[in-house]
Structures are given as structure tokens and as C-alpha cells.
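One letter stands for each residue in the lines below.
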Amino acid sequence: MTSPDRNVIEEADRLLVEGLRKDDSASIAAIYDAYGALAYGLALRTVGAAAEAEDVVQEAFLALWRQASRLDPSRGIRSYLLTIVHNKAIDRLRQRGRKNEMPLDPALPYPSPGRGPEEAAEAQSERDSVLQALQQLPEEQRLAVELTYFNGFTINEAAARLRVPVGTVKSRLRLALGRLRTRLVAIQ
Amino acid sequence: MTLRCQEVDELLAPHALDALEPADRLEVLEHLSECRLHDEELAGYRDVASRLPLAVEAMAPPAGLRSNVVRRFEQEVAQSTSPEPAAPARRTGFFEGLFRRPGLGYGLAAALLATVIGLAAWNLTLNDEAPAAAVWTHVVEQNSMRMELVYIPDQQVGVVNLRVPAPAPGQDYQLWQITAEGPLSLGVVDYRQAAYAIQADLSGATALALSVEPLGGSVQPTTTPIIVVEL
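Heads up: the sequence lines are chains A and X, in that order. For the first sequence, the residue numbers in the numbering used here are 1 to 188. For the second sequence, the residue numbers in the numbering used here are 1001 to 1231.
The following block holds chain A by itself, in its conformation from the complex:
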């Protein structure tokens, strides 16, 4: 069953996508206000440098607009935006031949963005769920996910880094995503 809050978000996303399709700058500003902090957090976590993270976020918002005609609002703007941010951030890492080695869950010294208390609580709850699911993975599987998804390593690079065969990284990722799926579905 879909919660009323979820319906409200879907309707808001639908209107924002319509706005993007009409080149409406108020819509891009509204999307930034809703998800800009999350986008910036992901970009900074991935590329590790504030100036690059800003570039990534700007490029991601423009890419979101360029793709507006293809967006399915029911999938959620947040999902699209964060996928774009991640792709562009990884793209930068790979272009420059370097990896970001930042651990996933440091005590980050940045203040949370100015959200309402309910939104902030929901976002924190979602984050806790994903973090918990990641932390419950066997160490070698969690590391494989961190190296590839969050640090931008290919499986070949991750295998070299971990000094294991590429096939081992493949199987660790397969097992990890399978377990994450089960756990994330269970706590949905």
C-alpha cells in the first residue's frame, strides 16, 4: 500500500518533471531545494573535493533537465538525480585515473541541510536502513560494494586492489546485492 506521503511526493515529482519539460527555472530550483543537499553529499563523497563536487552537481541538474522528456515521474526525481550524480562523479574519477578512498560512514563535519523535521527524519531513517543493510554484509562483500560503487573501481581494479581473482569480486558483488535486496525489501 502506498502511504499518503508517498502519493504527495509522486504528485510533486510529476509537477516538477512537467516544469522541467517546459524549461521552468522555478522547477529546477525546487528540485535543488528538495534534493540538492543529497546530491552534493553524494558528489562530495564520491569525488572527494568540494569544487569538483559542485561541478558534478551542476552538470547533473542540467543533465536531468535534458532528459526531462524521458523521465518517468513515478520512479521519482530523487532516484534519477542521484543516479546521474553518481555516474558523473564516477566518470570524473575514471577520467582522471584516480580513486576516492574515503570510507563510507565517517563522522562528517558538515551540518545537515535546512529541511523540515519530518523530511529530515524520513531521510535519516532511509539512510539508516541502507547503512544497516550494508553493515550486515560480510566484510569482504561490503568492501567489494564500497570499492566499486562508492569509490569508482571497476571489478578488475577492485580485484587487483584486494589481491583476489576478478571472479571472486564478481561473486562477492552478486552475493552482496542479493542480500541487500532481501534486506531492503524486508524493511521497506
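One thing to keep in mind: the hints can contain errors.
One side of the interface only, derived from the structure: several residues of chain X facing chain A at Cβ under 10 Å [as the list claims (entries may be wrong)]: (1) Asp1018; (2) Pro1022; (3) Leu1054; (4) Leu1065; (5) Pro1165; (6) Ala1180; (7) Gln1220.
Calculated Cβ distances over 10 Å to all of chain A for the following chain X residues [as the list claims (entries may be wrong)]: (8) Cys1005; (9) Glu1034; (10) Cys1035; (11) His1038; (12) Met1059; (13) Trp1136; (14) Val1139; (15) Asn1143; (16) Gln1156; (17) Asn1161; (18) Arg1163; (19) Val1164; (20) Glu1181; (21) Leu1184; (22) Asp1201; (23) Thr1206.
By construction, these hints were calculated from the structure, which means they are not laboratory data. Note that the Cβ used here is the ideal one computed from N, Cα and C, for glycine as well.
Chain X: place on chain A using the hints.
Then chain X, alone, in the frame of chain A:
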């Protein structure tokens, strides 16, 4: 298909995490375009991948970022609606509008394709003495994919006809002209749009190439082209 289903199964999870080397990713995409046995498993992995960013803490962005995002957006909108050419080798004017409206774009591109192909056919029927309008036609097929270019150099317009598999979520195809100075973008290509019109000076190009890029495209190619037409 060069990969077997079992091999693709082993690559699905890293594929969903965008952790494959370009050549492996291409082989997986090729297999997935013709085999539906992996759809459900891949959808599950992608669902997980789409939630992984939530593990990252939201952070207050720098104060000027919001205004920079909005300003760049407004600049891009102004450029995209301007009738003036913005840069060489870029779709402009009539073509710009054509690409900003995919539904309309398909029809117009298809009409243009028919016109260009008709012109090419007419050109072929001319005798040697006639002042033929030069038309380039180049076709390449590889790994179940196909790219065809029909181009009129005098008018610097043409059509690229593509048959490629759907890109993975979060990825786009981008078309490039390869020149001595390096690749120049010809734009992000909607794979569902069979005919893709271009307006660009290809006189200095040695090839057209199609690469897989992050959604929205890249400034420079970030992966090995999946298909190349030599000019």
C-alpha cells in the same frame, strides 16, 4: 551474442553498479538486448543500486551552488531556444528545435532521412556529366548493431540511422565526430529514435563514433565507442 547466459549472470551485479570495463559492458549490453532471461534479476540489482546513494549523508552545499545551478540552467535554456548558431558542429536553428521535441523530432528526422536517401538515389542515377550533388553514405554493422550515415557535405546536413540496444538506466548514447583535434560531440542520441538528424561540418572528420556515456552525455567520450563509421 558472444557471452553465454551463465557468463552474463556473473556480470549482472557489477553491471548494475557500473563497475565493468567498457568492453565487458558492451558485451553484456549486447547480450541483454537479445535475451530477456536476465531482466528480473537485473531489475532487482538496479533497484538496490538506486538505493545505495541514500547511504551517503546529505550535506549543506556551498552557498552559491543553488544560484549557479539555476543560472547555468537558464543559460542552457536560452542557448537551446536561440535561433543563432551557438558553436560549430552543433545542432542549431531548425535542428535544435527538432531535437528538443522527441516526438516531433522523430517525424521530421524520418522525413529528412527519406529526403536524403531520395537525394542519394537520385544522385546515383545521374550520368557522369551531370553536376551531381555529393552525398556520403557509410554503413557499418558489427555485433548486431548498425550505424548508417547519409550526409550532404555541401549543406552540412545528414542523418544517422542507428540500430543499437537500449542503454542501461542512467546511461545514454552519445554521437561524436572524430577529428584530428579529437572527438567533437554531435549530441546525445535517443536509441529509440531510428533516424537522427545532424547539422555539422564533417569535412575534417575521420569517423563517426557512438559511445555509452552517463545520462545527459559527457564533454569528452568516457568509454570506448561501441560502433564506429569510418569516413
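Going through the hints against the structure:
For aspartate 1018 of chain X, the suggested interface contact is upheld, since its CB lies about 6 Å from the closest CB of chain A, less than 10 Å. Annotation: interface hint on proline 1022 of chain X holds; nearest CB of chain A at approximately 9 Å, less than 10 Å. Taking 10 Å as the C-beta contact cut-off toward chain A, the hint placing leucine 1054 of chain X at the interface holds, the least distance being around 5 Å. At a threshold of 10 Å, the smallest CB-CB gap from leucine 1065 of chain X to chain A is about 5 Å, leaving the interface hint in force.
With its C-beta approaching chain A no nearer than about 16 Å, proline 1165 of chain X sits outside the 10 Å limit, and its interface hint is violated. With a least beta-carbon distance of about 21 Å to chain A, the hint placing alanine 1180 of chain X at the interface is violated under the 10 Å criterion. Interface restraint check for glutamine 1220 of chain X: the shortest CB-CB distance to chain A comes to about 8 Å, inside 10 Å, so the restraint holds. Every CB of chain A is more than 10 Å from the CB of cysteine 1005 of chain X (nearest about 14 Å), matching its label as outside the interface.
The claim that glutamate 1034 of chain X lies off the interface holds: its Cβ sits roughly 22 Å from the closest Cβ of chain A, which is beyond the 10 Å cut-off. Consistency note on cysteine 1035 of chain X: stated as away from chain A, and its beta-carbon is indeed over 10 Å from all of that chain's, at 18 Å minimum. At roughly 12 Å from the closest C-beta of chain A, the C-beta of histidine 1038 of chain X stays outside 10 Å, upholding its exclusion from the interface. The beta carbon of methionine 1059 of chain X is not kept farther than 10 Å from every beta carbon of chain A, the shortest such distance being approximately 4 Å.
Against the 10 Å criterion, tryptophan 1136 of chain X stays outside the reach of chain A, whose nearest CB is about 29 Å from its own CB. Separation of valine 1139 of chain X from chain A is adequate, the least Cβ-Cβ distance of about 27 Å exceeding the 10 Å criterion. No beta-carbon of chain A comes within 10 Å of the beta-carbon of asparagine 1143 of chain X; the shortest separation is about 21 Å. Distance to chain A confirms glutamine 1156 of chain X as a non-interface residue, since its nearest Cβ pair spans about 24 Å, more than 10 Å.
Non-interface call for asparagine 1161 of chain X relative to chain A: holds, since the shortest CB-CB distance, roughly 20 Å, exceeds 10 Å. For arginine 1163 of chain X, the non-interface assignment is confirmed: its Cβ lies about 19 Å from the closest Cβ of chain A, beyond the 10 Å cut-off. Listed as a non-interface residue, valine 1164 of chain X keeps its Cβ farther than 10 Å from every Cβ of chain A; the least gap is roughly 16 Å. For glutamate 1181 of chain X, the non-interface assignment is confirmed: its Cβ lies about 18 Å from the closest Cβ of chain A, beyond the 10 Å cut-off.
Remark: the non-interface label on leucine 1184 of chain X is consistent with the geometry, its nearest Cβ contact in chain A lying 17 Å away (cut-off 10 Å). Against the 10 Å criterion, aspartate 1201 of chain X stays outside the reach of chain A, whose nearest CB is about 23 Å from its own CB. Non-interface call for threonine 1206 of chain X relative to chain A: holds, since the shortest CB-CB distance, roughly 23 Å, exceeds 10 Å.
When each numbered hint is compared with the structure, violations occur for hints 5, 6, 12.
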